Structures are given as C-alpha cells and as structure tokens.
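Two chains, each in its own frame: build the complex with the hints.
Going down the list, the protein sequences come from chains G and E.
Per our numbering, residue 1 is the first one in the first sequence, and the count goes up by one each step.
Per our numbering, residue 307 is the first one in the second sequence, and the count goes up by one each step.
If you are wondering where the hints come from, they were derived from the structure by calculation, not from laboratory data.
What you were told as hints is all true, and nothing was included just to trick you.
Ranges of calculated distance between the beta carbons of each label pair, as one might list FRET restraints:
(1) G:Thr296 x E:Tyr414: 15 to 23 Å
(2) G:Ser22 x E:Phe575: 38 to 46 Å
(3) E:Phe388 x G:Val36: 26 to 34 Å
(4) E:Asp449 x G:Leu29: 27 to 35 Å
(5) E:Gly492 x G:Leu102: 52 to 60 Å
(6) G:Gln83 x E:Met319: 49 to 57 Å
(7) E:Pro481 x G:Ser22: 20 to 28 Å
(8) E:Leu506 x G:Ala257: 55 to 63 Å
Model, not experiment: these values are computed from the prediction.
Glycine included, every Cβ here is placed at the ideal spot set by N, Cα and C.
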Amino acid sequence: MLKSEKGTAASLRLGRGMEQWSERHLRYLMLAPTVVILLALTIFPSIYMFYAAVHRVSPNPDLPWTFVGVDNFARLLTDGQFQVALRNTVVFTVVAVSIEFLLGLGLALLLDKFIRRLTFLKTVLMIPMMLPPIAVAITWKLIYEPQFGVLNEIMFRLGLPIQAWAGDVNLAMFSIIVADVWQWTPFIFLLMLAGLASLPVEPYEAAALDGASSWRQFWDLTIPFLKPVIAIALLLRVMDALRLFDLVFILTGGGPADRTKVLSLYIYQVAYRFADPGYAAAISLFVLFVTIVLSTWFMKRMRLAE
Amino acid sequence: MATIRTRNRSREMLLRFAAYLTILVALILTLFPVYWIAANSFKFDIDIFAVPPEWLPRNPTLKHYDEAFVQRPFLRYALNSFLVAIGTTAISVTFGTMAGYALARFRYPWQWRKQISFWILSTRMMPPIVSIIPLYLFFNYFDMLNTKSALIIAYTAFNLPFATWMMKSYFQDLPVELEEAAIVDGDTRWGAFLHVALPLARPGLAATAIFCLIISWNEFLLSLIVTLTEQSQTLPIGIAGRVTQYATYWGEISAAGFMACVPIVIFAFIVQKHLVRGLSLGAVKG
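Isolated chain E (complex conformation) (with noise of 0.2 Å):
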C-alpha cells in the first residue's frame, strides 16, 4: 500500500515537473519572435546586423521610431488603420447586434431562422481572395479605390457575419424571462430589447467590438488591393512596403511592427474571458 502511494505521488511530482518544463518551454517560445521584433527596433543597422545577433541592445536608439513615425508616413498609416477599424466596427456591431438578437430571440416562418443563420455564416467562411476581383472592379467603377470608405465597405463584409454570430450567441445565453417581465409591465418587444437585453449584455457587446477592432487592425490583403495611397493605405500595407526586392528596412519595419503588435496585445488582455468564444464565433462558450 506504502509503496503504491509513494510510486503515485512520485508520477504525479514527474508530471507536475513535466507540465511545468512545458509552459516554461512554451512560454520562451511564444515570446522570443515577440521580443526579437521589439528588440531590432531598439538597436542601430549596424547591431541589427551583427554576429552573432546582439540579444540585448547593447546601445539602444529610437532612431527607427523618429524613422518611420517621424519621417515616414506610419503616423498617418496607422491613423488610417484605427479610423477604418473604427467606422468597420461601429456599422458591424450595430446591425450585428440587431440581425444577432432577432436570430436568438425570434420565430420565423419555413426554417427561415436556421437558414439565414447558416448563410451568415457562410459569407464569413469565404476567402478574402475570392471577392478582391469584384471589389477592385466595383471600387474602381465607382471611383472609390485608395478611399478609406471602400476599406469599411469591404471589411464589413466579414466583420458583419462575425459580429451577428457572436451576439447571437450572447443573447442566447440570456434567460428570456426579464424581457417578457418587461413587456408585461407594458414595454414594448423593442424596448424589451433595448432596455432589458442590450444592457444585460453589455460585455459581450465590448468583446464584440474589441475582435471586430482586432480583425481590421490586421487585416492586409484587402487593403493591399485597394489601396495604393498613402492617404488611405494601413498600417500592415505600410509595413510591407518596406520589404522591397532591394532592400528590407529592417529596423523601421521593426519599429513599425512592434508599435502594430502593442495596442493588439493590449486589447487581447482585455478581452481574454472572451477568447474562447470571441476566436469560435460564439460556438464554443469558454
């Protein structure tokens, strides 16, 4: 029996041990490409270059931030990127949050509500690739490329279905019961709505808006097509810009990547009991 114990505890001590070992392991390997961007953009060319690599910097500089912010247009790159993630978010919670509550809440005829569900969804499954010809074309018919409309326009399309399904969601997880108290104490089923439910779910609406933030904040191929000024281009296309076939700008593009990464990092802590179900669409509650 002794030796039972003993042998239990001594596996159980090896795997705590080994568990261990792994976040250890896991978390140098998550965080070093992390701290290597944040690292280069400290050092002058000439350590960024050296070797072997300099793993502090040894003479930090922010050279690459007056660079690229100060010289070069990133301010206004990364101005642009907030403002379309901004108008993107703002037009995709809204009619999310409505076209999600109806999906959760109400009754339609002939299945309608499992097959609009279904169909959002769809739209969100499709390859941004697949619409950047009839985007460009469309833009360009109307006169809109290099316009930070047509990046809202186009972020929408997937935003949307995101933000409708992750509401959808939320609203499902709300008991139905205070909005029929509501309406019976005279409310209206649109007040029920606005009153009742929309306060009640108030966090999932802010982690709705941070993903929707998010997903713009990142987003590269969309704007790559549309875009070509640098009145209307993001911050990500800015980036890329400086990965040329002669030259790559490293210690600018580090800067510039490392500032992209600090507000995303941010936000992923604010939102992080959402995680879950923010990266699922909604079907998996963590």
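Same shape as in the complex, but just chain G (with noise of 0.2 Å):
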C-alpha cells in the first residue's frame, strides 16, 4: 500500500490496468505459450509437408519446386518398396506389441502379490525401457554378432545350429522384436502392475464367497477393472512400434533382402538417399494420416482427453 501510494495517480491506474487485464485473461495468458509453440512446431510443418508432397523437390535449396500434383500419392499405389515396408511394420507391430503384452501381463499377475513392496526390484527390471534407443541397439549388435556374439555361443553349448540373426533373412525381423521385447515388456509390466494395486477389493471377496474359480474371476473381473490401462499401455506401444527406427537402423539397416525395412527407415532412405523429399513427405502424411486415425479411434474410446 505503502510503496503505491509513492507512484502518481497515472501510472498507479495504469499499473493497476494492466494488473487486472493479466488477471481477468490468466486463464488464456497461462496457456498461450504453449499453444503458440505447438502450433508453430505441427501446424507448420504439416502445410509445409502438404505443400512439399504436391512438388517435385529438390534437396538443393536454390532450384525451384516443380509442381507435379497427386503424383507422389499416386506412386504410392505402384511402388513396391513402400508396400514392403508397410507390410514390415505391420508385422512388426502386431508381434512385437502382442508378445510383449501377453509376457508383461502374465508376469504382473504373477508377481503382483510377491514384488509390490519391492519398489527396488522393480526398478531395476524397468532399466531397459529407459536406456537410450541406441545403446541397446549396439548392445543386441554385440550380442546377435554372428562370429564372436553371446547368442551363438549358447547355441552352440546347447548343440543347436548358430545362426546370423539380423544378418539372416529369415532370423533378422525375429532379431529386431526380441531387442524390441526386451526393451518394452517392463513397460506392459510396470503399468499392469499399477492396474492391478488399484482393483478394488470387495467384487473379489463376494466373488470368492459365490465360489467363482480364479479363472472366472480373472475374466470377469480383473480383465475388466483393467480395461482403461491396458488400453493406454496399448496405444502408447503401438504409436511407439510404428515409430520404429534406431533399432533397425543401427542392426540390419533395413536388409537382409528388404525384411526390416520400415517406414520410417523408408522415408528417410527416401528424402536422403534417394533425395526426393516430396515424395518423402507423401509417404509422411500417409504414416500421419495413420496415426491420427488410430490414435483418435483409441483416445475418444478411452475418453483419455476427459
């Protein structure tokens, strides 16, 4: 009060103004920031992409664009390689996500009653989901190396044939899942956990009291109480398997024969090697067109935006 009433009458109005102003909008105020710089960071670059699909691009900055329409749409309809790596990352997603959800779920329904206080242990087990992409990937390199790897060595103590793992047609996808399994199944595992310490206790009790097998309670009871976790865990999953590129990049480099190549190895194969950045950018907005769908589809079901 003191310090205002020192100031003239102009400036205590006008400070007092802008104060109430800041004041009346702060709801507005608070969240401008970062609405500003999520737009100027997606909305951008989405007209951007849009622009640059419907061009023929050079990646020298200093020759012009050609326009060429729907002709990078088109090729995706005709060019093989793009429909390899869709199918590749299909695959991909479907296993890898199945795999590591069935290990993360039985392991948490296993483990539940026995490692809930063990907040150390279960710390421990979530290490490789937080470790850097790229270490792990070196890590699986070394492992999977076909002359002097761990894997081989173990396969050759148990008598059974060695293999080159990524380097093998056949083994290199199974080789890029196992890395990816290893990585992410703490991941189902943690937040099935979670799930579980907050099912109520009740419906179990009168559950046990009407006789229901364990089995009947699981399907009718925990399975549903789970439901809006196992669904974030999926869509998260799924959103990050279809993102996959590190893994790939650093252990096959998309080979043996094409049989990891994704699609966000092929796009950058695309827009760098092949530098053709429009058609780079139509194969972008078919993957953006993807997960939009699917991850709307996901979110408004789970009502996740509530």
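Shown next, in the form of structure tokens:
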C-alpha cells in the first residue's frame, strides 16, 4: 500500500489496469505460450509438408520446386518398396506389441503379490526401457554378432545350429522383435502392476463367497477393471512401434533383402539417400494419417482427454 | 480339512517358488545385456573378439574410454546432449507447467479445455519421422542446421506436450481449497498458482523435468537429420557414427554406450515413484 501511494496517480491506474487485465485473462495467458509453440511446431510443418508432397522437391535449396499434383501419392500405390515397408511395420507392430503385452501381463499377474513392496527390484526391472535406444541397439548387435556373439556361443553349447541372426533373411525381423521385447516388456509389466494395485478388493471377496473360480474372477473382474490401463499401455506401445527406427538403423539397416525395412527407415532413405523429399513428404503424410486415425479412435474410445 | 489346508499351503509354496524363480530369470535377462556392454567396454579388442567369449574381463583396461572420450570427440557429444537436454527441459517444463495448471484448473468457453488437451496430446503422438522433412527444410532455410538451438526447437515439439500432460495430472491431484484460501486471504489468482500450487507440485515438477531430460538425452532420429558436425552432434549420433559399413568399433561404442546409460539409470532410481505416471503421460497414477 505504501509503495503504491508513492507512485503518481496515472502510473498507478495504468499498473492496476494491466494487472487487472492480466488477472482476468490469466486462463488464456497461461495457456498461450504452449499453444503458440505447438502450433508453430506442428501446424506449420504440416502445411509445409502438404506443399512439398505435391511438388518434385530438389534437396538443393536453390533449385525451384515443380508442381506435380497427386503424382507423389499415386506412386504409393505402385511402389513395391513402400508396400514392403508397410507390411514390415504392421508385422513388427502386431507381433512385438502382442508378445510384450502377453509377457508383461502374465508377469504382472504372477508377481503382483510378491513384488508389490519391492520398489527397488521393480525399478531394476524397468531399466531397459529407460536406456537410450541406440545403446540398446549396439548391445544387441554385440549379442547377435555371428562370429563372437554371446547368443551363438549359447546356441553352440546347447548343440543348436549357430545363426547369422540380424544378418539372416529369415531371422532378421525376429532379432529386431526380440530386442524390442527386451526393452519394452517392462513398460507393460509396470503399467499392469499399477493397474492391479488399484483393483478394489470387495468384488473379489464377493466372487470368492459365490465360489467363482480364479479363472472366472480373472475374466469377469480383473480384465474389465484393467481395461483402461490396458488401453493406454497398448495405445502408447502401438504408437511407439509404428515409429520404430533406431533399432533397425543400427541392427540391420533395413536388410537383409529389405526384410526389416520399416516405414520410418524408408522415409529416411527416400528423403536422404534417394534425395526425394517430395515423395518422402507424401509417405509421411500417409503415416501421419494412419497415426491420427488410430490414436483418435483409441483416445476417443478411452475418453483419455477428460 | 487338514488335507485341504496342507494342499493349499503346498500350492502356495509352489506359487511362491515359481514367482521367485521368475523374478530371478527376469533379473538375469534384464541385466545381462547391460552387464555385457559394460564388460566389453573394459576389454582389449582381442578379448572382445575371443571365442568362446570372456564372461568376465580377465584383463580389464580403460583403453576404450581413452579412445572415445579423449582421442575422439565423445566428450563433446556428451556435452552437446547435455546442453540440448537442459535447454529443451527448461522450455518444456516452464511453459508446460503453466499450461498444465491452466488445463487442470480453469474453465473455458465451448469445451476448449477438452479440445485443447486432446490436441496437445495428439501432437505427442505424432511420429518424429513425419516431421523430419519440414524440419530439415525449415532449419536449412534459416541456416540453422548443425546448431544446438535447432535440436532444442525440434525436441520441444514432443517434450512440451509431455510436460503439459504430466503437470496437468499432478495439479489435478492437488486440493483446490488451498488456492481458494490464498485468494480469500488477498492473493491474486496468479499468486495462488505461484505461492501455493507450484510449491505443492514440486515433486511432480522434478519428476517431469527428469523425464524430459531422459527423453531428450535418448533421442536419435531428429538429431541424425539436423546435425552433421562434431560441434552439434549428440551422443547417440556419435555412437551410431562408429558403426560403419566397413568396421564396427566395438570397444569405443561399448564405452560410449555404457556411459550414455549411466546417468539414465541414476535418473530412473530418482524418479522411481513417478515411473508409471511419467510413462503413461499422466494417464495412470502409479
């Protein structure tokens, strides 16, 4: 009060006015920076990408772009490499996420009672998913190494045939999936443990009184209660699996014979190795479209935004 | 009666045994790869290539650490990673906290709250590969390729939505009454946020910041696109650069890879109570 008495009446009124104005619009002012930054970082690139997708773009910034209409999109229909990449991405996503889900849920159900208070142990089991994917990739590259890798040593000791793993046409995708399962099963496990810990006790007591088998309890109580957590876990894993890049980049480079070429890697190759950003933008838009449809469907269903 | 009880008890014993066995196997499978990269980073090249493999480094050496961090610029890469992570985290946490608070507390006309929350979340879902073309052309146009600022801008695109959602979920957990009391006592709305809500959300703030650091530290693809020079490349790019078509410098990348993991493991233990929430974007409260 003392301070404001010293100021002139005019500046006081102005200062008050500003303060009142910002106070009244605080809800917008606090939200504005984030909205503006994200608009700049998402809407602008999207528009730019639409623009690039209908042009033949030279990687040399001094050369003009030529308008080609929907040519880049039409190419998607006939580009065999794109279809291979799409199929590989779908196979990887479905197989890897299914294994991670079944393993993670199974482990959580088995260990829930025994591990609940062992926070330290839980954190140790969580380490893989926190690690830099590049570090994970080189670690598995070392394990898969055909000549001196550990995996072939184990195969040899077990009397099984040694393999080229990531270098083998039939095992490359499998090798990528194993590394991904190693890194991400803990994620499902952790979320399922959290879900199990929040289950109410009463319905189980009632079910036990009614003589329901543990199998029935699992299907009729546990799964329905876990549904929201399962949905979130699957949504995040599927979105992550669709963007797989680092593991493939290091372990196989998309080979052998394109068996592990996934969409992210293909876009990267088209943009840089084949120097065709316009077509890469068209594929990117396709991927973006698929992710938006998938995630919107998921989030709307789960009412995540509330 | 007695037999049923013994049967139940032996069944319980069996389950307990199976559980502990599973935990043991899971621990070995989880830790072995991490151990293996660490062990190899301390071996001479000749021991890395040994058949059968040397399970314990018989002749430990720091040679590869010297190669990577003294002779080659991995210290530089690590510093770049660190600076970029700090910059991204500062921006994301500052603005994300304000936006998260606004979305947790304020009412907006026309369901804006829901719409904006949803839109912010959907920007987080955007695969990074999708934005590399425009980002590359954009940074090229403004002559920002090979700069750390470009990386900070690119990383903010997915760290800011993350921070917003995390902080929104932490603020939603705080009782609104305390802020109301502060306003009744004469504090402004902004003051109630700054003096009441923010201090209470401090653990959440710290966890969010650490997650942002981890996400930035681990990022690979965007950095691969945007940076080509030693002065701007991050640790993952440095590591990937030593896996070439002709040779893989196993000792060097093991040393650098292991060093890239160490801070992350420390961070994981610091935020262990917040892991579930952080990994589910605030959707599941662990």
